[in-house]
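Engineer: Under my numbering, think of the first position of the sequence shown as 1, with each following residue one higher.
Quick caveat, the hints were computed from the structure, so don't treat them as lab data.
Please note: incorrect hints may appear among the correct ones.
To be verified - Derived Cβ-Cβ restraints for the label pairs, each shown as a range:
(1) E142 to E622: 32 to 40 angstroms
(2) A36 to A693: 23 to 31 angstroms
(3) K96 to W563: 18 to 26 angstroms
(4) S505 to P664: 26 to 34 angstroms
(5) G95 to T120: 31 to 39 angstroms
(6) R581 to D518: 17 to 25 angstroms
Just so you know, these numbers come straight off a predicted model, no measurement behind them.
Here a beta-carbon is modelled for each residue, glycine too, at the ideal position from N, C-alpha and C.
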Amino acid sequence: MKKIAAALAAFVAVFAAVVLVGGQLKKQATVRELRAVTEPAPFLIERDDFGVPSIYGATDPAVAFGLAYAHAEDDFQTLQERLAPIRSQLGAVQGKDGAVLDVINKMLQSQRIAAREFGTLTPEAQAMAQAYADGINKYAGENPGEMLRHELFPVTAQDIIAGFVLVQPFFHKFDDVLKRINNGTIETGGGVVGSAAEARGSNAFAVAPSRMADGTTLLISNSHQPWTGPLAWYEARLASGEGWSMAGPLFPGVPFILMGYNEHLGWTNTVNIPDLVDVYRLEMDDSGKRYRFDGEWRDLESESFWIKVRFGPVLVPIRQTVHRSVHGPVLKNDDGAYAIRYAGMGEIQHFEQYYRLNRAKSFEDWQEAMRMQAIPSTNFVYADREGNIAYLYNAKFPKRSPDIDWEGVLPGNSSEFLWEEYEPFEAQPYYVNPDSGWLVNANNTPFLATDAANNMRREDFPVVGIETITTNRIARSIALMSAHEGAFTDEDIDRIKYDTGYDFSSPLGKLFADLVADPALAGVDDEALSLLRTWDQTLDNQGAADALAALVVYDLYLGMRGWHEMPSHEHALTEAAKHLRETFGRIDPTFTELSRLRRGEHDLPLTGGPDALKALYWGFDEDGRLYGLNGDGYIGYYKWDENGLVRAESIYPLGAAMTRPDSPHYDDQAPLFAEEAMKPAPVPDWRKAAALAQ
Numbered sequence: 001m002k003k004i005a006a007a008l009a010a011f012v013a014v015f016a017a018v019v020l021v022g023g024q025l026k027k028q029a030t031v032r033e034l035r036a037v038t039e040p041a042p043f044l045i046e047r048d049d050f051g052v053p054s055i056y057g058a059t060d061p062a063v064a065f066g067l068a069y070a071h072a073e074d075d076f077q078t079l080q081e082r083l084a085p086i087r088s089q090l091g092a093v094q095g096k097d098g099a100v101l102d103v104i105n106k107m108l109q110s111q112r113i114a115a116r117e118f119g120t121l122t123p124e125a126q127a128m129a130q131a132y133a134d135g136i137n138k139y140a141g142e143n144p145g146e147m148l149r150h151e152l153f154p155v156t157a158q159d160i161i162a163g164f165v166l167v168q169p170f171f172h173k174f175d176d177v178l179k180r181i182n183n184g185t186i187e188t189g190g191g192v193v194g195s196a197a198e199a200r201g202s203n204a205f206a207v208a209p210s211r212m213a214d215g216t217t218l219l220i221s222n223s224h225q226p227w228t229g230p231l232a233w234y235e236a237r238l239a240s241g242e243g244w245s246m247a248g249p250l251f252p253g254v255p256f257i258l259m260g261y262n263e264h265l266g267w268t269n270t271v272n273i274p275d276l277v278d279v280y281r282l283e284m285d286d287s288g289k290r291y292r293f294d295g296e297w298r299d300l301e302s303e304s305f306w307i308k309v310r311f312g313p314v315l316v317p318i319r320q321t322v323h324r325s326v327h328g329p330v331l332k333n334d335d336g337a338y339a340i341r342y343a344g345m346g347e348i349q350h351f352e353q354y355y356r357l358n359r360a361k362s363f364e365d366w367q368e369a370m371r372m373q374a375i376p377s378t379n380f381v382y383a384d385r386e387g388n389i390a391y392l393y394n395a396k397f398p399k400r401s402p403d404i405d406w407e408g409v410l411p412g413n414s415s416e417f418l419w420e421e422y423e424p425f426e427a428q429p430y431y432v433n434p435d436s437g438w439l440v441n442a443n444n445t446p447f448l449a450t451d452a453a454n455n456m457r458r459e460d461f462p463v464v465g466i467e468t469i470t471t472n473r474i475a476r477s478i479a480l481m482s483a484h485e486g487a488f489t490d491e492d493i494d495r496i497k498y499d500t501g502y503d504f505s506s507p508l509g510k511l512f513a514d515l516v517a518d519p520a521l522a523g524v525d526d527e528a529l530s531l532l533r534t535w536d537q538t539l540d541n542q543g544a545a546d547a548l549a550a551l552v553v554y555d556l557y558l559g560m561r562g563w564h565e566m567p568s569h570e571h572a573l574t575e576a577a578k579h580l581r582e583t584f585g586r587i588d589p590t591f592t593e594l595s596r597l598r599r600g601e602h603d604l605p606l607t608g609g610p611d612a613l614k615a616l617y618w619g620f621d622e623d624g625r626l627y628g629l630n631g632d633g634y635i636g637y638y639k640w641d642e643n644g645l646v647r648a649e650s651i652y653p654l655g656a657a658m659t660r661p662d663s664p665h666y667d668d669q670a671p672l673f674a675e676e677a678m679k680p681a682p683v684p685d686w687r688k689a690a691a692l693a694q
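Turn these sequences into a full structure, and let the hints steer you where they fit.
Structural biologist: Quick look at the structure:
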């Protein structure tokens, strides 16, 4: 027996050595291939005092190549994590949590769709994807020690497109549907289109010259995203010798600006929640392999595959199977099989549309790009040097019968419920130059966008699936903008943008108002309740109740969003008071003793709160303080007159070098952000790009 054990151990050791050597040889071959990559044309990367890159290129693809390289210099780790699920490798990097996205990627057929549809992109867009992939490859070849897994390389143009295919459905509740099917609540959890619980963050403001004291056109981009990770913003400024000029933020894996501005125009985005996803209950046969559709039994398409999942130092191969029906991806739970259909399924033209938006130089160019309707969702707020302002409730609505309840689970056995076409561009609410002279959005219904006299009416838009929600942020912004008489100064706009107030008519405000008015709280913690009732409805560090109110509001907010159970009034009050007493020995510390921005060596005070215009969402640190991790992310202020861009400033909570703690740009924007200050953000000089093209 000992001899057998020894022999087995020796075999395992030899096998492991062979695997290790084989892996090293493959990695070396990959690195040699990556080092052979060359840029498509000359490019130049320059960085400002905060490390924000300006990329100049002789051609558009040269800029895309340089952008990928610059981004990798700052955050190669996140770029790889963003691309890993496309190769079914995120589980090997992050473990079981990453493996979930590997499986979803297979379910959505991201790679297959990218390969099938790649030829539908213009040659120019294809070249952009290839150049961006090559920029990542070039950096990887020069820095192989930073590669998370050599299996991720070389990155291809189709990998970049597949990344767009994978991410897009998550912007219109696809992840929520998956969770509800998996936990068995898809038929019991309700289906209200755009409920307050689903409201997601970002603010946008556009003000026409008629309402600005200096006669300029103003656009404020105020996106609320996680401050780190694959959905954290990365700021860049781009110019090519072929006429591309755009600046603003983007996500890892994206070769152009997503919320852009240049000398002529700008736009920003906020998340909207149109109903673009439908769920169907399939009628399955006894084998579980066929479903009934229009009187016939059809085979369920099934694909089995292996993924590697990391458990500590060990990679474990796990076999998975995904299914599809004529409707789309299929998930099974204890109750049965459910198919999912969503707007934009199987398409890649949103990549093309973003490229065209980046090339826009006029309102006409921008509108022509938007009429592609390839970006299935996301509000767009626009402004330009000609004085135009606009807000498009951008949504790719399926053509659905108004006689069917599309919010519930639909029968999957009939083509009656299977939509194939989309509503025209005109079906969407679209504001252009309202008489009020201003437009706002804060993830709310499109029928609250300006003053009462100029808002559109729901009854004029019969399309199925437009959300009806309001947020505290829209309640405050509409009230503050409407109450202002005459023209706005920059100082007026700043006060509104950085407002920390709560409107008790908003969904979150009502929850708080109900709590403090609850007679059942008498005698529970009278000291805390008395203090809470003195709160002035702002989280500006000016009141003794701010810290206590912030904890209560946050607890209610998380419950409203469904991120934890809705707390009872007693629980919300007592837990907040308990936390403050344990952390500070009292319930009335100043708010900024509690609320902090912590990054690198910085530990800074922060005001703001959940669903405030100055949005702030926290984690709980070991010392009991709250540290910011989401909320106001990228903030941009842009102003134009008839001659072009006259003001461009931006700020980010952390720094450009997202995963480089040894870089001075890991946290150098944090002090400015905490002080509500901005940094210059000029559009790059196109003449440098033109010189490279000569």
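Engineer: Go ahead and decide if the range 17 to 25 angstroms is satisfied by the Cβ distance of R581 to D518.
Structural biologist: Check passed, 21 angstroms falls within 17 to 25 angstroms.
Engineer: Between G95 and T120, does the C-beta distance stay in 31 to 39 angstroms?
Structural biologist: Between G95 and T120, where Cβ atoms are some 36 angstroms apart, the hint holds.
Engineer: Could you tell me whether the CB distance from K96 to W563 stays inside 18 to 26 angstroms?
Structural biologist: Between K96 and W563, where Cβ atoms are some 20 angstroms apart, the hint holds.
Engineer: Is 26 to 34 angstroms right for how far apart the beta carbons of S505 and P664 are?
Structural biologist: Distance hint for S505, P664 is violated at roughly 46 angstroms.
Engineer: Using the Cβ atoms, figure out if A36 sits within 23 to 31 angstroms of A693.
Structural biologist: holds (25 angstroms)
Engineer: Is the gap between the beta carbons of E142 and E622 within 32 to 40 angstroms?
Structural biologist: holds (38 angstroms)
The structure fails to meet hint 4 from the earlier list, while all remaining hints are met.
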